[in-house]
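**Student:** Counting with the UniProt record's numbering, you get residues 1 to 309 for the letters of the sequence shown.
Hints were generated in silico from the structure; no laboratory data involved. One should not assume that every hint holds.
[What the hints assert, rightly or not] BS3-like, lysine-lysine: derived pairs with alpha carbons at most 30 Å apart:
{"id": "1", "residue 1": "K144", "residue 2": "K130"}
{"id": "2", "residue 1": "K155", "residue 2": "K241"}
{"id": "3", "residue 1": "K30", "residue 2": "K120"}
{"id": "4", "residue 1": "K130", "residue 2": "K295"}
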Amino acid sequence: MILAVTLNIALDHYYYVPHFRIGNVHRVAKQVVTAGGKGLNVARVIHQLQADVKATGIIGGFNGQRILQLVKEDGIAHHFMEAPIETRKCMNIVDESGISTELLESGEQLEEVHLESFIKEFSAMLAEAKVVTFSGSAMVGMPKTVYNQLIALCKTKCIPVLLDTSGELLKCGIEGEPTLIKPNQQELRQLVGGEIASIEDIIRASDKLVNNYVKYVVVSLGENGALLVMKDRVIRAVPPKMEVVNVVGSGDSMVAALAVSIAQGKTPEEMLRYSVAVSAVNTLSEKTGDIDLNKVEEIFPKVEVYVEK
1 MILAVTLNIA LDHYYYVPHF RIGNVHRVAK QVVTAGGKGL NVARVIHQLQ ADVKATGIIG
61 GFNGQRILQL VKEDGIAHHF MEAPIETRKC MNIVDESGIS TELLESGEQL EEVHLESFIK
121 EFSAMLAEAK VVTFSGSAMV GMPKTVYNQL IALCKTKCIP VLLDTSGELL KCGIEGEPTL
181 IKPNQQELRQ LVGGEIASIE DIIRASDKLV NNYVKYVVVS LGENGALLVM KDRVIRAVPP
241 KMEVVNVVGS GDSMVAALAV SIAQGKTPEE MLRYSVAVSA VNTLSEKTGD IDLNKVEEIF
301 PKVEVYVEK
């Protein structure tokens, strides 16, 4: 089982508003509500890839109950801890051209005692886990070292860990030595410093990380695919040219496919090719994290893989 952790769950509201303008009164053409947070996006894609997954995190209040209902409707196995807080809500206003305006609540502060309770429950869940993914930000009140604490528990059981976060959480998180991180180019620059303007820059920066902290660094290159950097080699995978509809959720789709690949014992080449194929398929649908397995099978052999060094 892959355990997908979201430390800052949100109830996401998408409002589709033609000709949206700040300061005007608008009628909403369509509203969509989803259980949000990067880890839940990852869990949803893993489920669509027909792999065994369990979603976990902390929820509370009316919004938390709505999230629980939505996750059940998606058919995703879950174990959420309830706390005496109201889960945050986020809004995304999308105009007729697809441009979105996001309003993200910070959420209520979580007391230390409730974090300690979650850590105990998380530790118990590791008995069934083959791989653990940590995605996104953390709740207000959680320390910047929270991922280190959770990664340490995974390491005591020799469970591979994928970490996809940013800022101080990522800087502290790599000190826990996760198996894989998936920074973008800006996050890579923040981690190691210096200019990140070319493939060579990405490889050079990633080398510092694999030599000191992690086994794999995966860096997305957008429509140009992704790089997988290890101590002994660098692999690049490039998808075929496609008609892109929506890029939102492609990073979470990639993390999901990487987790499935590690759980199934795929080689690094297979792992990168599969994750690039799944990420590419995500861009073909208006719906975020909507993975058509037939299209994955169609695109997978068309993804070109190169050994850079």
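**Student:** It remains to establish, for every hint, whether it holds in the given structure.
**Tutor:** Do the hints match the structure? See the list:
1. K144 to K130: Given pair K144, K130 holds - Cα atoms ~25 Å apart, limit 30 Å.
2. K155 to K241: 39 Å, violated
3. K30 to K120: 41 Å, violated
4. K130 to K295: With a Cα-Cα distance of about 27 Å, the restraint between K130 and K295 holds, given a limit of 30 Å.
In the structure shown, a violation is registered for the earlier hints numbered 2 and 3, in ascending order.
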